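Asks: The chain contents come next:
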Amino acid sequence: MLLYILGMIGIAAFAITGVISSGKRDMDLFSIVLLGMVTSLGGGTIRDVILRVDAVYWVQDTSYLWVAFLSSVFAFFGVRVIENRQQVFHYADSFGLALFTVVATERVLSLGFSPMIAITMGVITGVAGGMIRDLLSFRPPLVLGKEFYATPAFLGALLVVLLERNVPFHEYNSIYGALLIFILRLFAIHKGLYYPSWLLYKKRENHDY
Amino acid sequence: MLLYILGMIGIAAFAITGVISSGKRDMDLFSIVLLGMVTSLGGGTIRDVILRVDAVYWVQDTSYLWVAFLSSVFAFFGVRVIENRQQVFHYADSFGLALFTVVATERVLSLGFSPMIAITMGVITGVAGGMIRDLLSFRPPLVLGKEFYATPAFLGALLVVLLERNVPFHEYNSIYGALLIFILRLFAIHKGLYYPSWLLYKKRENHDY
Amino acid sequence: MLLYILGMIGIAAFAITGVISSGKRDMDLFSIVLLGMVTSLGGGTIRDVILRVDAVYWVQDTSYLWVAFLSSVFAFFGVRVIENRQQVFHYADSFGLALFTVVATERVLSLGFSPMIAITMGVITGVAGGMIRDLLSFRPPLVLGKEFYATPAFLGALLVVLLERNVPFHEYNSIYGALLIFILRLFAIHKGLYYPSWLLYKKRENHDY
Numbered sequence: 028m029l030l031y032i033l034g035m036i037g038i039a040a041f042a043i044t045g046v047i048s049s050g051k052r053d054m055d056l057f058s059i060v061l062l063g064m065v066t067s068l069g070g071g072t073i074r075d076v077i078l079r080v081d082a083v084y085w086v087q088d089t090s091y092l093w094v095a096f097l098s099s100v101f102a103f104f105g106v107r108v109i110e111n112r113q114q115v116f117h118y119a120d121s122f123g124l125a126l127f128t129v130v131a132t133e134r135v136l137s138l139g140f141s142p143m144i145a146i147t148m149g150v151i152t153g154v155a156g157g158m159i160r161d162l163l164s165f166r167p168p169l170v171l172g173k174e175f176y177a178t179p180a181f182l183g184a185l186l187v188v189l190l191e192r193n194v195p196f197h198e199y200n201s202i203y204g205a206l207l208i209f210i211l212r213l214f215a216i217h218k219g220l221y222y223p224s225w226l227l228y229k230k231r232e233n234h235d236y
Numbered sequence: 028m029l030l031y032i033l034g035m036i037g038i039a040a041f042a043i044t045g046v047i048s049s050g051k052r053d054m055d056l057f058s059i060v061l062l063g064m065v066t067s068l069g070g071g072t073i074r075d076v077i078l079r080v081d082a083v084y085w086v087q088d089t090s091y092l093w094v095a096f097l098s099s100v101f102a103f104f105g106v107r108v109i110e111n112r113q114q115v116f117h118y119a120d121s122f123g124l125a126l127f128t129v130v131a132t133e134r135v136l137s138l139g140f141s142p143m144i145a146i147t148m149g150v151i152t153g154v155a156g157g158m159i160r161d162l163l164s165f166r167p168p169l170v171l172g173k174e175f176y177a178t179p180a181f182l183g184a185l186l187v188v189l190l191e192r193n194v195p196f197h198e199y200n201s202i203y204g205a206l207l208i209f210i211l212r213l214f215a216i217h218k219g220l221y222y223p224s225w226l227l228y229k230k231r232e233n234h235d236y
Numbered sequence: 028m029l030l031y032i033l034g035m036i037g038i039a040a041f042a043i044t045g046v047i048s049s050g051k052r053d054m055d056l057f058s059i060v061l062l063g064m065v066t067s068l069g070g071g072t073i074r075d076v077i078l079r080v081d082a083v084y085w086v087q088d089t090s091y092l093w094v095a096f097l098s099s100v101f102a103f104f105g106v107r108v109i110e111n112r113q114q115v116f117h118y119a120d121s122f123g124l125a126l127f128t129v130v131a132t133e134r135v136l137s138l139g140f141s142p143m144i145a146i147t148m149g150v151i152t153g154v155a156g157g158m159i160r161d162l163l164s165f166r167p168p169l170v171l172g173k174e175f176y177a178t179p180a181f182l183g184a185l186l187v188v189l190l191e192r193n194v195p196f197h198e199y200n201s202i203y204g205a206l207l208i209f210i211l212r213l214f215a216i217h218k219g220l221y222y223p224s225w226l227l228y229k230k231r232e233n234h235d236y
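Protein sequences appear in the order of chains S, W and C.
Per this note's numbering, the first sequence starts with residue 28, numbered consecutively.
Per this note's numbering, the second sequence starts with residue 28, numbered consecutively.
Per this note's numbering, the third sequence starts with residue 28, numbered consecutively.
Hints should not be assumed to be uniformly reliable.
Said to hold, decoys possible - If you only want the chain W side, here are some residues facing chain S, beta carbon under 10 Å, derived: (1) Ile144; (2) Thr147; (3) Met148; (4) Val154; (5) Leu162; (6) Tyr176.
No lab work stands behind these hints, which were simulated from the structure alone.
On a predicted model such as this, the values are computed, not experimentally measured, just so you know.
All C-beta atoms, glycine included, are put in the ideal place defined by N, C-alpha and C.
The whole structure should be built from the sequences, with the hints applied where relevant.
Replies: Structural data, given as structure tokens:
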């Protein structure tokens, strides 16, 4: 039940980022809603398709579809009153990343897959929606930028797996994982939390690669 | 049977757009044919994968594959004699959009899914092939441009669902839906049919979002 | 067994290209590893999802996942000592293309699909990972460039199908196919092997298409 609600909030958060992201280009209401829906439902769709579950989650339970649709419409009108859209974009994106990653990790674990698969699918589900959004709105993908993005998702998924191992089915396992991801992302956004330079790939001068 | 033929024509139309789109960059015959095939088969593939049907349509019936292949080869040589390629591109794209959307909507309805799923999958099938084409040929996706594109697909799918509700299995239901989409797209292309400005998302000055 | 090893080598090769490709932008260790893994596992994932096999290969056998992960980490540190990264990128890419195409063609044939499907899926598996890599790192897709890329994959897949028809289950069928692809790619890279101009699509002057 908790996972259900967290999943819904994650969908709403990602739908908002899809709408704000589209603002980089003149788009009409319905195209924006479409981008919002693709952003919010994309990650979980890829997860379910790869895991070969019986039915993709929003086909089985269309309330997900409605939440994605209504959040996008709401966000379309709501963003007009927002002063600092970039900040809302990054907060909502981090929030969605945190929720999607832990919900997916829990779901995959509960389907009986190994921890390695659970962590992989958790990270993929968390980052894929935003990746598609960035590609479609012609922005360099956030997850592949120089910010601390994929690592928090990985650490959060890892925490959920470790907690489930030691205190299985504890109510707040997913909350702890989501908090870890969100806090690390906040540090990344505000404090420029970053890897030491020997863990960065630097292009050499006079080279294209 | 009618749906089968309409689907084939849609594949041919989208294959042509894939070939013309590739002309923005120097490409060889086989790469162009590949782009044509991905464009024409991509939307339906995503639909079938999400709906978990028994087999993706072109794997089950390879005549779709042949139509996509031969139309792409034909288009490769055919475009040389076309004077106004941009117009042909937009007409073929609108034609493909119209046919794919209604064929998918009918197919999903006939598989027993709800109208909400049928409309969603109809729109996704109609726009996804062109989206992939635009991404791969490095053009801003048409569907996310400022033109009237996703809305006609949505209205056409809605019309098909309403007609199927009231006059089920009527032969021409899909024809009416396709006509609606195609005519709305023609208006969009030639008359600049567009949303009122309060339904558009405007970037604010001095803001990136 | 041979196919298994070839598949693993192909994954390692593509992981390296993903890492080198990411060098065009400042990225951290984990994002680069993610791009390497998506590049190396993406093509086969699309193949398995379209063919509706029982389980996607790296979900069933997580050793693929580990090979992709470890090769990416290794490549991240390894590329620092490489002088000519562009050449390594093109060699590893050609190597991965050759191996993935023939492994996929063999696999699809052995699942009982028709030669037409086997060739199509072979080419798709070979080129899709690199396509995703190029899209995510904002480079024009190699396969859609003016270089000889999709054609070698097609010819190699065709050779494998022909060999399997005439000398079924011969040990080296896939080796011959891979060699053909790799050699044709080497010619394309070093000698500019190319189609005659009547098989190229040329943009006309003063036209956008």
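Asks: Looking back at the numbered hints, which does the structure fail to meet, lowest number first?
Replies: none
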